[in-house]
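Chemist: Sequence:
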Amino acid sequence: MSSEEAVSEGQGHVPEGPNPRDEAPQFVLPMVVRLERTEPPERTDALETAARAVLVLLSDPRAAGDGPWAEAVRQWEDARIRKVVRRARGAEWRRAEALPGITVTGKSAQVRVFPPIPLDGWPKDLARLQVSGTELIDPHPPGAPEPGGPVLWLSPSATMTAGKAMAQAGHGAQLAWWDQSDAERAAWRAAGFPLSVRTADPGRWPELLAGGTPVVRDAGFTEIAPGETVVVDGHRGLRD
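Read in order, the letters of the sequence shown are residues 856 to 1095 in this note's numbering.
To be clear, the hints were calculated from the coordinates, so they are not data collected in a lab.
Just so it is clear, the structure is predicted and the values come from calculations on it, not from any experiment.
Honestly, I wouldn't trust all of these hints.
[Said to hold, decoys possible] Simulated DEER-style distance windows between Cβ atoms: (1) D921 x E1039: 21 to 27 Å; (2) G922 x G976: 18 to 24 Å; (3) I957 x E894: 20 to 26 Å; (4) I992 x A953: 26 to 32 Å.
For glycine and all other residues, C-beta sits at the position ideal for the given N, C-alpha and C.
Please work from the sequences and hints to get the whole structure.
Modeler: See below:
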């Protein structure tokens, strides 16, 4: 398993011993970030773009009802919620864009998200892409959170590569999506899925954990200890 695969238990306790979710067929949501040598994306924008990419896929008609991606999405959500972020440049990116999926563009980042696939069923043009060691920086501190959408707060004590953090931001966005009514989802989508990803201040982290909003607890397969809370969904602006 790669070092940048994020496997989430979602909200609640990470049980000890066998987990029934492990008995279901295991699927993974692939994402690819465009990482050109001369123009890498900024870290925070890459995290936010990855989170939006998950929402764009979940809200796509192809992922619902009798759509061509719907069964794969259902099976993926019935098991562990796995997301893997790989990186591509040049011809690799062009080959990735030729596969069925959706490209979401941020201020500096481009992320392509694909319908879920079996854990061992990666298309060759994605399987060959590098996954570990994706590091990005913010040349300047991130500004104020974007109004009108949730703030996905990252744990101040969790050290994650950019790829891992992108997948975890996607987990947080997915929990925010699940926590809304159909009307709230439609309004969020119509607004372009405004959201922000920020690292929480250590002094405020206990308050965020106690806030009662959805949290992402990592399953502990890579980088993060089992059960550690890595994202808190701040629900900023959604229910004001």
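Chemist: Now, for every hint given, state plainly whether the structure supports it.
Modeler: Hints, verified against the model:
1. D921 x E1039: 21 to 27 Å: holds, 24 Å
2. G922 x G976: 18 to 24 Å: holds, 19 Å
3. I957 x E894: 20 to 26 Å: This hint holds: roughly 21 Å between Cβ atoms.
4. I992 x A953: 26 to 32 Å: holds, 30 Å
Checked against the numbered hints above, the structure violates none of them.
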